[in-house]
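**Q** Sequence:
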Amino acid sequence: MNTNQKQIIILTDGRSGHETQSLGITTILNKDQVFDVKFIKIKEISRFKKIIFKFSLNLFPKEWLLGQLFDVEQFEHLDIDQIAYIVSAGGDTLLPNAVLKSYLVSVGVHVKNVIATSLRGMPESAFDVVFTIDKTKSEKKPYIYYPIAPNKLLSFDLATDEKLARERLGLDQNIGVWCVLIGANSHDVSIGSVEEWIIMLEKLAQQFAADVFYVSTSRRTPKNFEQSLKNVLKQYKNIHLILVGEGDKTPIKDLMYAANMLICSPDSTSMVSESLMLGKPLFIAKFDSTDMNDEFKLFYEDKISNGWLRMGLVDGDSLFDDLKEFNYINHANSLYELFENRLKDV
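Numbering follows UniProt numbering, in which position 17 of the sequence shown is assigned residue number 17; successive positions increment by one, without gaps.
Quick caveat, the hints were computed from the structure, so don't treat them as lab data.
Among the hints, erroneous ones may be present.
What follows is a list of derived Cβ distance ranges for each label pair [what the hints assert, rightly or not]:
#	residue 1	residue 2	range
1	260	186	25 to 33 Å
2	235	133	38 to 46 Å
3	260	47	45 to 53 Å
4	133	51	20 to 28 Å
5	186	159	14 to 22 Å
6	328	193	39 to 47 Å
7	210	295	38 to 46 Å
Straight line, CA to CA, 30 Å or less: simulated DSBU-like cross-link-like pairs of lysine-lysine [what the hints assert, rightly or not]:
#	residue 1	residue 2
8	140	6
9	280	137
10	223	31
11	203	324
12	41	163
13	50	152
14	137	50
15	31	140
16	249	41
17	237	249
18	203	38
19	137	152
20	140	112
21	223	249
22	203	41
23	54	135
24	31	137
25	38	49
26	203	163
27	41	286
28	237	223
29	135	112
30	137	49
31	344	324
32	49	31
33	234	297
34	249	286
35	141	31
36	140	50
37	62	135
38	41	253
39	253	297
40	62	344
Don't be surprised by glycine CBs; every beta carbon is placed ideally from N, CA and C.
Use the sequences and the hints to build the structure in full.
**A** Below is the structure:
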């Protein structure tokens with residue numbers, strides 16, 4: 001395939017948590033919409049092979065390595081001379097990212113590669129940019145540090161995204177919209193009982209009767225939790241339940257873009273990071289029975305100290321005082337500046 005349009009290649013391991021970071025990084029690199037974006041899937045290889053390849057990279061022919069890490073037929077439709085960036089996230093993409101760049105450079109392609117993961121023994125020199133949320137690496141090349149990982153909700157035009165999302169959902173542009181995202185208990189976090197969630201949501205629906213509430217569960221939310229929400233909250237005309245366990249396919253991305261207010265359970269830092277990208281009031285619901293380990297506590301303490309979110313029981317009586325505490329940041333612009341400055345040196 002011959003085209004004059006430069007390309008960004010996203011390497012994917014098929015995991016949504018990694019793909020959202022790759023999409024966020026790609027949005028930053030493609031701010032001016034000058035690149036065509038292509039996805040290339042990596043092969044699953046054994047841990048033994050990973051170790052051998054990682055520590056013997058220069059001993060194997062580059063073309064042979066490509067065949068071990070990719071179904072090379074995926075490259076047949078690409079003009080490799082037009083590849084400007086390789087982007088990926090997650091440890092399984094470390095080797096494929098480094099090997100693809102090495103091969104392209106060996107055949108005269110001027111390409112830069114970006115990865116979002118810890119390097120796990122891979123040399124820093126194999127990558128032009130390594131995104132990290134580890135503050136200790138903030139001044140070290142090739143790292144870019146930021147407290148929130150780029151993700152698919154990152155946008156340079158949030159006002160337009162909100163308008164279009166409301167149109168897709170059939171919502172008036174002037175109505176108040178709340179998006180409530182509920183996950184599930186995990187080994188590290190207890191999100192609170194369904195009774196506590198219902199009491200909070202009932203009170204908010206009554207206090208803000210003119211607003212619309214979208215309450216969405218996740219794939220991990222227990223069926224009995226969803227059923228309890230449905231049994232009680234269906235009586236409220238201003239509450240719309242998006243029950244993933246019942247097969248509801250409403251795009252969560254639209255609900256988030258359309259919202260004026262966001263409430264999240266504390267179990268998923270990726271969900272919270274996506275919410276933070278929207279630059280809107282974000283509340284992490286915390287009840288008497290909510291609990292979390294020290295790693296999660298540190299994550300939230302950092303974001304609270306920056307004024308990016310609030311944690312506690314969401315109550316209309318104190319809402320307007322809470323809103324004064326937010327520090328609204330355009331994270332897309334902040335990240336773009338960091339990437340632009342780092343890539344100037346490459």
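**Q** Run every hint past the structure and note whether it holds.
**A** Comparing the hints with the structure gives:
Roughly 29 Å separates the CB atoms of residue 260 and residue 186, a value that falls within the hinted 25 to 33 Å. Between residue 235 and residue 133 the beta carbons are some 42 Å apart, a value that agrees with the proposed interval 38 to 46 Å. Take residue 260 and residue 47: their Cβ atoms lie about 47 Å apart, and the range 45 to 53 Å holds. Residue 133 and residue 51 have their C-beta atoms about 26 Å apart, which keeps the hinted 20 to 28 Å range intact.
For the pair residue 186 and residue 159, the beta carbons lie near 35 Å from each other, so the given range of 14 to 22 Å is not met. Between residue 328 and residue 193 the beta carbon distance is about 32 Å. The supplied range of 39 to 47 Å is therefore violated. Hint check: residue 210 to residue 295, Cβ distance near 40 Å, so the stated range 38 to 46 Å holds. Straight-line distance between C-alpha atoms of residue 140 and residue 6 comes to about 29 Å, which keeps the hinted pair within the 30 Å bound.
Note on residue 280 and residue 137: the hinted pairing holds, with a Cα-Cα distance of about 28 Å set against a maximum of 30 Å. Between the alpha carbons of residue 223 and residue 31 the distance comes to roughly 41 Å, so the proposed pair goes past 30 Å and is violated. Restraint check for residue 203 and residue 324: the C-alpha separation of about 21 Å stays at or below 30 Å, so the hint holds. Our distance criterion of 30 Å between C-alpha atoms is broken by residue 41 and residue 163, whose separation comes to about 34 Å.
Distance restraint check for residue 50 and residue 152: the Cα-Cα separation of roughly 28 Å lies within the 30 Å cut-off, and the hinted pair is therefore satisfied. Proposed proximity of residue 137 and residue 50 is supported: the alpha carbons are some 25 Å apart, at most 30 Å. About 25 Å separates the Cα atoms of residue 31 and residue 140, which keeps this hinted pair within 30 Å; it holds. About 25 Å separates the Cα atoms of residue 249 and residue 41, which keeps this hinted pair within 30 Å; it holds.
At most 30 Å may separate the alpha-carbon atoms for a hinted pair to count; residue 237 and residue 249 meet this at roughly 20 Å. Restraint check for residue 203 and residue 38: the C-alpha separation of about 46 Å exceeds 30 Å, so the hint is violated. At roughly 24 Å between alpha-carbon atoms, residue 137 and residue 152 fall within 30 Å of each other, so this suggested pair holds. Distance check on the hinted pair: residue 140 and residue 112 sit about 18 Å apart at the alpha-carbon level, within 30 Å; holds.
Taken as a hint, the residue 223 and residue 249 pair is honoured in the structure, with Cα atoms around 16 Å apart against an allowance of 30 Å. Between residue 203 and residue 41 the CA atoms are separated by roughly 47 Å; this puts the pair beyond 30 Å, and the hint is violated. A distance of roughly 26 Å separates the Cα atoms of residue 54 and residue 135; the hinted pair therefore holds under the 30 Å criterion. As the CA atoms of residue 31 and residue 137 are separated by approximately 25 Å, the hinted pair is consistent with the 30 Å bound.
For a cut-off of 30 Å, the pair hint linking residue 38 to residue 49 stands: about 26 Å separates their Cα positions. A hinted pair counts as satisfied when its Cα atoms are at most 30 Å apart, and residue 203 with residue 163 qualifies at roughly 28 Å. The straight-line distance between the Cα atoms of residue 41 and residue 286 is roughly 39 Å, outside the 30 Å bound, and the hint therefore fails. The straight-line distance between the Cα atoms of residue 237 and residue 223 is roughly 22 Å, inside the 30 Å bound, and the hint therefore holds.
Between the alpha carbons of residue 135 and residue 112 the distance comes to roughly 24 Å, so the proposed pair stays at or under 30 Å and holds. Between residue 137 and residue 49 the CA atoms are separated by roughly 29 Å; this keeps the pair inside 30 Å, and the hint holds. In summary, the hint linking residue 344 to residue 324 is not supported, as the alpha carbons are separated by about 38 Å, beyond the 30 Å threshold. The straight-line distance between the Cα atoms of residue 49 and residue 31 is roughly 37 Å, outside the 30 Å bound, and the hint therefore fails.
In summary, the hint linking residue 234 to residue 297 is not supported, as the alpha carbons are separated by about 33 Å, beyond the 30 Å threshold. A hinted pair counts as satisfied when its Cα atoms are at most 30 Å apart, and residue 249 with residue 286 qualifies at roughly 27 Å. Restraint check for residue 141 and residue 31: satisfied, since their Cα atoms lie roughly 23 Å apart, inside the 30 Å limit. Pair hint residue 140 plus residue 50 holds up; C-alpha atoms about 26 Å apart against a cutoff of 30 Å.
Distance check on the hinted pair: residue 62 and residue 135 sit about 34 Å apart at the alpha-carbon level, beyond 30 Å; violated. Restraint check: the Cα-Cα separation between residue 41 and residue 253 comes to about 24 Å, which is no more than 30 Å; the hinted pair holds. Between the alpha carbons of residue 253 and residue 297 the distance comes to roughly 26 Å, so the proposed pair stays at or under 30 Å and holds. For the proposed pair residue 62 and residue 344, the alpha carbon gap of about 28 Å is at most 30 Å, so the pair holds.
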